[in-house]
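K.L.:
Single-letter residue listing:
Number of protein chains: 2
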Amino acid sequence: MAPKKVTIIGSGNWGSAIARIVGSTTKAYPDLFDPEVRMWVFEEIVNGEKLSEVINTRHENIKYLPGKILPTNVVAVTDLVESCAGSNILVFVVPHQFVKGICEKLIGKIPSDSQAISLIKGVSTQKKGGLKLISEEIRDILKIEVSVLMGANLAPEVANDNFCEATIGTSGFFNGPLLKKLFHTENFRINVVEDAHTVELCGALKNIVACAAGFTDGLGYGDNTKAAVIRLGLMETTKFVEHYYPGSNLQTFFESCGIADLITTCYGGRNRKVCEAFVKTGKPMDVIEKELLNGQSAQGPLTAEEVYLMTQKTGVDSKFPLFTAVHKICKGEMKPAELIDCLRNHPEHL
Amino acid sequence: MAPKKVTIIGSGNWGSAIARIVGSTTKAYPDLFDPEVRMWVFEEIVNGEKLSEVINTRHENIKYLPGKILPTNVVAVTDLVESCAGSNILVFVVPHQFVKGICEKLIGKIPSDSQAISLIKGVSTQKKGGLKLISEEIRDILKIEVSVLMGANLAPEVANDNFCEATIGTSGFFNGPLLKKLFHTENFRINVVEDAHTVELCGALKNIVACAAGFTDGLGYGDNTKAAVIRLGLMETTKFVEHYYPGSNLQTFFESCGIADLITTCYGGRNRKVCEAFVKTGKPMDVIEKELLNGQSAQGPLTAEEVYLMTQKTGVDSKFPLFTAVHKICKGEMKPAELIDCLRNHPEHL
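Listed in order, the protein sequences are those of chains A and B. In terms of my numbering, the first sequence opens at residue 1 and continues consecutively. In terms of my numbering, the second sequence opens at residue 1 and continues consecutively.
It should be emphasised that the hints constitute simulated quantities derived from the structure, not laboratory data. All clues stand as given, with none of them false.
Covered stretches of chain B (in silico footprint by chain A; criterion: 3 or more residues with CB under 8 Å from a CB of chain A, positions within the stretch not fixed): (1) 159-170; (2) 217-224; (3) 234-245; (4) 248-254; (5) 258-269; (6) 337-346.
Below, a list of computed lysine-lysine pairs in the BS3-like style, where the Cα atoms sit at most 27 Å apart: (7) B:Lys143 <-> B:Lys180; (8) A:Lys328 <-> A:Lys280; (9) A:Lys290 <-> A:Lys280; (10) A:Lys4 <-> A:Lys180; (11) A:Lys319 <-> B:Lys181; (12) B:Lys4 <-> B:Lys109; (13) A:Lys180 <-> B:Lys239; (14) A:Lys50 <-> A:Lys100; (15) A:Lys180 <-> B:Lys319; (16) A:Lys273 <-> B:Lys273; (17) B:Lys273 <-> B:Lys63; (18) B:Lys239 <-> B:Lys273; (19) B:Lys319 <-> B:Lys132; (20) B:Lys100 <-> B:Lys143; (21) A:Lys239 <-> B:Lys180; (22) B:Lys63 <-> B:Lys100; (23) B:Lys132 <-> B:Lys273; (24) B:Lys180 <-> A:Lys319; (25) A:Lys143 <-> A:Lys180; (26) B:Lys280 <-> B:Lys331; (27) A:Lys239 <-> B:Lys239; (28) A:Lys335 <-> A:Lys313; (29) A:Lys4 <-> A:Lys143; (30) B:Lys319 <-> A:Lys181.
Every residue gets a Cβ at the ideal spot worked out from N, C-alpha and C, and that includes glycine.
With the rest of the complex left out, here is chain A (with noise of 0.2 Å):
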């Protein structure tokens, strides 16, 4: 077996990150990787200069990750077909609204047997009133496999070398073992497993409960309260896993990408920040992200919107009344105060 091109497609921050991990990785072994990473860039101008050009020289992203160095076979490339031509394991880090252009603009351009795997969390909002994930969306376009890496890995701490782990989700677990080559780390820790739609869900929905602890803070509550909040919405998400893409494993849920980014998105975390604040300064949603967020939307009440389009659809809007109550309350339709009524009479309780 030849050793397999990797490309990096996105060099923000968290794909900063990830570059140093799979730059020392793809060099430790040269048998089942090409050493040369490359890693598609933005084109952009910071303080004069072109970004591509400085991370090429002085192996530094300076905007995105300042004051860390990449490995040298790391190598920015500016044009996306060009960045992933000949490529056997395509790393998707960006914005999830740039998934479907980037991908149309890969049809063709890559190994039919390549595969992918997205480090992206959150859902598509293409589809109105149901759910995409992004892994499906790459699929869907360009027709490979795709596995998922989530877990609770802010990027900075990623990017400082702190122990972490995450977990990989594959559909097959042939491309497991590879995978975690690529990945694992002395303190990025890799656990595999065979159920990807559980994994990429857990990246997705812990935002929604994130939200509710969110406004628990907000609303005053204490830590009891907070503790069954989020043990709530856990059980939520793993009802809407059985019954949206039924097959999941248990298990799962105990990895990184479950109950530990939970925990790290429900006590830190920017959905959690804005909902608290939404509660605090009964400002409008948009007001509060525009407020804390520099413009950005919090992914929590989008993804609570979609969730609830696709309850609602296919009548099980009932059974998740933690989603539904979170939805309800970012689009001002529910008081931050009902939200504990909603729970009171949970089908966890009955």
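Guided by the hints, dock chain B onto chain A, whose structure is given.
P.N.:
Only chain B this time, still in chain A's reference frame:
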């Protein structure tokens, strides 16, 4: 069936908070429960008054739950045997070191078909090298059926009627419905599982995990590392239960007694706090405990020692690197900074 007589053995902070609940449910179901709930009170003089008399006249535990009114059907009784005479349900909610003495006094003094429910978190420390559950201790001495109630339940928040959840673990499901009626209220939501050992072990072992979380806080690690530590602690908890009490149900760890209580304990909680201070100050554990806990002991280091003696004796300590490291760090046999090295080759990552 005659209505069941209920006795609450204990009248501290948690006992008094639970008396508010049990007082109201026994009144609500007169066909199931005798409305007089006796509460055993260890007599003390508070501000020149007998505590039991204050409870029976002003219906307030002015020492351990000041400011909260107890239902008038909760009657303080200072004689232990008298408080339990003819009782069908004994609710144990005393510090764990008093359980043995109390049970020995009750031998032959309670109906032979009584049942007990323990709300006591922790393990018995009387049997060196083999952890003994509180429920086992009660069962061994009194030869009665023992259930447990555990969950993310800080007593002051329960006393404030904040929404929260708890888990009842029974060893035979026949007790479940009755016990649920005794504790389930609008704001204290009970799930019953037929998996008492798991429920009780979650309540004990979480304190070891909280110590590890405290060490990572003290060492200044970020959210990723803390989440990984908590997750690995949970995995060791599941393995420990599986190894020593086979037949547990993975689903039980998703109940309030499992992840919810674990999260609360690892983010708030005294074990986390003393272990953070242990790292930051460099003082021995007993000194820290004296300074921060008014001379009381934290449960985590004690439980870690019992668990270590048990895993070492049975030759499986290497399967529990986090539990083992917490014990050795508490004893000063290992530096806190070595914790992460112990986790890097965790069996979970193989």
